[in-house]
Amino acid sequence: MIEMQDVWKTYPDGTHALKGVSVKVDRNEFVYVVGPSGAGKSTFMKLMYREERPTKGSIFVNGFNLEKLKQRKIPYVRRNIGVIFQDYRLLPKLTVFENVAFAMEVIEAPKKIIKKRTLEVLELVRLKDKIHSLPTQLSGGEQQRVAIARAIVNNPAVIIADEPTGNLDPDTSWGIMKLMEEINFRGTTIVMATHNKEIVNTIRKRVLAIEQGTIVRDEARGDYGYEN
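Numbering (my numbering), first residue to last: 4 to 231.
Quick caveat, the hints were computed from the structure, so don't treat them as lab data.
Computed from a predicted structure; not experimentally measured.
Hints should not be assumed to be uniformly reliable.
Derived DEER-like restraints, expressed as beta-carbon distance ranges [stated by the list, open to error]: (1) G190 to D132: 20 to 28 angstroms; (2) T58 to N204: 19 to 27 angstroms; (3) V80 to K119: 34 to 42 angstroms; (4) P95 to E222: 25 to 33 angstroms; (5) I77 to N204: 35 to 43 angstroms; (6) K96 to T58: 35 to 43 angstroms; (7) E222 to K76: 32 to 40 angstroms; (8) D132 to N68: 38 to 46 angstroms; (9) K96 to G23: 19 to 27 angstroms; (10) I206 to K131: 23 to 31 angstroms; (11) I110 to N31: 18 to 26 angstroms; (12) E222 to E184: 43 to 51 angstroms; (13) N65 to D90: 23 to 31 angstroms.
In silico BS3-like links for lysine-lysine, alpha-carbon gap of 25 angstroms or less [claimed, not checked]: (14) K73 to K49; (15) K131 to K119; (16) K27 to K208; (17) K181 to K208; (18) K96 to K76; (19) K73 to K96.
Every residue gets a Cβ at the ideal spot worked out from N, C-alpha and C, and that includes glycine.
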């Protein structure tokens with residue numbers, strides 16, 4: 004599903020964000036990515052949806068070699084990768100329905116299918132009663148659920164979630180995690196970067212710990228391992 008082989012990432016200022024990372028994530032896995040701030044987690048995540056490119060090494064996602072991917076193929080690959088951000092990144096002038104439907108419109112899905120699928124995922128994230136609301140009329144937790152709906156509306160094989168509970172209160176965070184577990188149960192692979200010690204230690208999944216650009220720990224049903 005996802006494989007990195009001896010991946011290095013060095014930025015123009017000389018910062019070595021990743022140093023020889025090799026890791027494999029199987030289909031239907033749920034993986035936490037943890038580590039101190041500045042350890043290389045965000046770079047690790049961005050490489051998986053080709054927001055960044057490695058300085059050296061190979062990255063395979065869902066059968067595609069991202070390093071050798073032709074520019075015209077990138078949108079096709081990204082259809083199979085849903086991305087969830089800490090700051091939601093919703094389009095402020097579009098309604099909840101329009102924000103989610105937009106992800107299908109850009110791949111030119113038929114209008115009937117867009118409407119049906121958008122309503123399905125909004126029901127899954129329990130926001131069907133908010134379809135006409137604008138992002139500013141929603142709570143932080145509701146906005147994040149819209150972002151999740153947008154990420155899953157095209158039935159991606161992989162979800163990359165970068166601190167999806169980072170801006171949320173504890174109760175709302177648990178609600179988001181239950182939703183993420185349900186999405187994983189339905190067959191989607193999830194890779195989630197987080198600083199939330201309580202979530203990692205309670206909802207036990209595989210843990211990858213990154214420090215100074217290298218994977219220092221890879222444990223099935225691991226714990227967080229750091230003090231917040």
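Checked hints:
no., hint, in the structure
1, G190 to D132: 20 to 28 angstroms, "holds (27 angstroms)"
2, T58 to N204: 19 to 27 angstroms, "violated (34 angstroms)"
3, V80 to K119: 34 to 42 angstroms, "violated (25 angstroms)"
4, P95 to E222: 25 to 33 angstroms, "violated (40 angstroms)"
5, I77 to N204: 35 to 43 angstroms, "holds (37 angstroms)"
6, K96 to T58: 35 to 43 angstroms, "holds (38 angstroms)"
7, E222 to K76: 32 to 40 angstroms, "holds (34 angstroms)"
8, D132 to N68: 38 to 46 angstroms, "holds (43 angstroms)"
9, K96 to G23: 19 to 27 angstroms, "violated (44 angstroms)"
10, I206 to K131: 23 to 31 angstroms, "holds (26 angstroms)"
11, I110 to N31: 18 to 26 angstroms, "holds (24 angstroms)"
12, E222 to E184: 43 to 51 angstroms, "violated (19 angstroms)"
13, N65 to D90: 23 to 31 angstroms, "holds (26 angstroms)"
14, K73 to K49, "holds (18 angstroms)"
15, K131 to K119, "holds (12 angstroms)"
16, K27 to K208, "holds (15 angstroms)"
17, K181 to K208, "holds (13 angstroms)"
18, K96 to K76, "violated (30 angstroms)"
19, K73 to K96, "violated (33 angstroms)"
The structure does not agree with the numbered hints 2, 3, 4, 9, 12, 18, 19 stated previously, though it agrees with the rest.
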